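Chemist: Sequence:
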Amino acid sequence: MSSWSHWYASPLPTLPNVKHLELIVQPDVPFALYHLASFLKASPSLQTLVLKLAFGRWEPWEPMKVRKGPERPHHNLKVVEIVGYCGRINAVEHVIYFIENVVALEKLVIDPVMRWSYHPTGMDRRIEDVKEEEEARDHAMHQLKQMVPSTVQFVCL
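Positions 1 to 157 (full-length UniProt numbering) are the ones given, in order, by the sequence shown.
In short, the hints are calculated from the structure, not lab data. This structure is a prediction, so every number in the text was calculated from the model and none was measured. Note that the Cβ used here is the ideal one computed from N, Cα and C, for glycine as well. Check each hint, because a few of them may be wrong.
[Unchecked claim] Taking lysine to aspartate or glutamate and the EDC-like style, the derived pairs with C-alpha atoms no more than 16 angstroms apart in a straight line are:
no. : residue 1 : residue 2
1   : Lys78     : Glu106
2   : Lys52     : Glu22
3   : Lys145    : Glu93
4   : Lys19     : Glu93
5   : Lys145    : Glu135
6   : Lys145    : Glu100
7   : Lys52     : Asp28
8   : Lys78     : Glu22
9   : Lys107    : Glu135
[Said to hold, decoys possible] So the derived label-pair ranges between C-beta atoms look like this:
no. : residue 1 : residue 2 : range
10  : Gln143    : Lys107    : 17 to 23 angstroms
11  : Thr14     : Asp124    : 36 to 42 angstroms
12  : Pro13     : Thr48     : 19 to 25 angstroms
13  : Pro73     : Arg115    : 26 to 32 angstroms
14  : Lys131    : Pro73     : 15 to 21 angstroms
15  : Arg115    : Asn17     : 24 to 30 angstroms
16  : Pro16     : Glu135    : 39 to 45 angstroms
17  : Leu157    : Val103    : 22 to 28 angstroms
18  : Gln146    : Arg72     : 21 to 27 angstroms
19  : Pro13     : Asp129    : 32 to 38 angstroms
20  : Pro11     : Val130    : 39 to 45 angstroms
Based on the provided sequences and hints, a complete structural model is requested.
Modeler: See the structure below:
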């Protein structure tokens with residue numbers, strides 16, 4: 001980790017009893033993976049993580065460059081659910097981060113629907129949103145699935 005990235009990864013208190021965590025993150029912002037790595041480091045007993053990706057409607061910064069997060073193995077996390085997944089490189093790099101750093105990973109769930117931002121009935125979802133979700137599902141099944149080790153159950157909703 002460079003000294004530049006230390007600026008963006010502020011220390012968190014240790015959360016030794018947290019076993020389930022739900023976070024809304026903006027993967028398009030610089031050093032998003034460093035922030036996520038800080039949360040994982042602060043939660044050593046974490047077993048289930050629901051990561052809700054909140055993308056802006058703007059184009060992502062550095063769209064062609066994959067940023068690699070810090071190498072920080074997590075030994076207890078078993079289930080990772082990524083909600084709001086889309087095919088943007090920033091979403092893919094988050095998935096790759098979990099595959100490479102979560103030692104005990106048993107199940108990876110990809111859900112392209114941003115469920116927390118819609119009415120429970122889904123009546124306020126636009127046709128464009130539904131099309132983007134279908135494209136994200138297709139991307140996950142054709143691109144992500146092949147990256148996931150055979151020891152990890154891959155689920156795409």
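Chemist: Evaluate each hint against the coordinates.
Modeler: Each hint, compared with the structure:
Of the pairs offered as hints, the one joining lysine 78 and glutamate 106 holds, with about 5 angstroms between alpha carbons and a cut-off of 16 angstroms not exceeded. About 7 angstroms separates the Cα atoms of lysine 52 and glutamate 22, which keeps this hinted pair within 16 angstroms; it holds. Pair hint lysine 145 plus glutamate 93 holds up; C-alpha atoms about 14 angstroms apart against a cutoff of 16 angstroms. With a C-alpha separation of about 24 angstroms, the suggested pairing of lysine 19 with glutamate 93 is violated against the 16 angstroms cut-off.
Between lysine 145 and glutamate 135, the direct Cα distance comes to roughly 14 angstroms. Compliance with the 16 angstroms bound is thereby established for this hinted pair. Taking the CA atoms of lysine 145 and glutamate 100, the gap is near 14 angstroms; set against the 16 angstroms cutoff, the hint holds. Only pairs whose Cα atoms come within 16 angstroms are accepted, and lysine 52 paired with aspartate 28 is accepted, the gap being roughly 13 angstroms. Note on lysine 78 and glutamate 22: the hinted pairing holds, with a Cα-Cα distance of about 14 angstroms set against a maximum of 16 angstroms.
Between the alpha carbons of lysine 107 and glutamate 135 the distance comes to roughly 22 angstroms, so the proposed pair goes past 16 angstroms and is violated. A hinted range of 17 to 23 angstroms for the beta carbons of glutamine 143 and lysine 107 is consistent with their spacing of about 19 angstroms. At about 39 angstroms, the beta-carbon gap between threonine 14 and aspartate 124 stays in the expected band of 36 to 42 angstroms. For proline 13 paired with threonine 48, a C-beta distance near 20 angstroms keeps the hint of 19 to 25 angstroms intact.
In this structure the supplied range 26 to 32 angstroms holds for proline 73 paired with arginine 115, their Cβ-Cβ distance being about 30 angstroms. The beta-carbon spacing between lysine 131 and proline 73, approximately 38 angstroms, falls outside the hinted interval of 15 to 21 angstroms. Checked against the given bound of 24 to 30 angstroms, the beta carbons of arginine 115 and asparagine 17, roughly 27 angstroms apart, stay inside it. Here the CB-CB span from proline 16 to glutamate 135 is close to 40 angstroms, well matched to the stated 39 to 45 angstroms.
For the pair leucine 157 and valine 103, the beta carbons lie near 25 angstroms from each other, so the given range of 22 to 28 angstroms is met. Hint check: glutamine 146 to arginine 72, Cβ distance near 25 angstroms, so the stated range 21 to 27 angstroms holds. Between proline 13 and aspartate 129 the beta carbon distance is about 37 angstroms. The supplied range of 32 to 38 angstroms therefore holds. A hinted range of 39 to 45 angstroms for the beta carbons of proline 11 and valine 130 is consistent with their spacing of about 41 angstroms.
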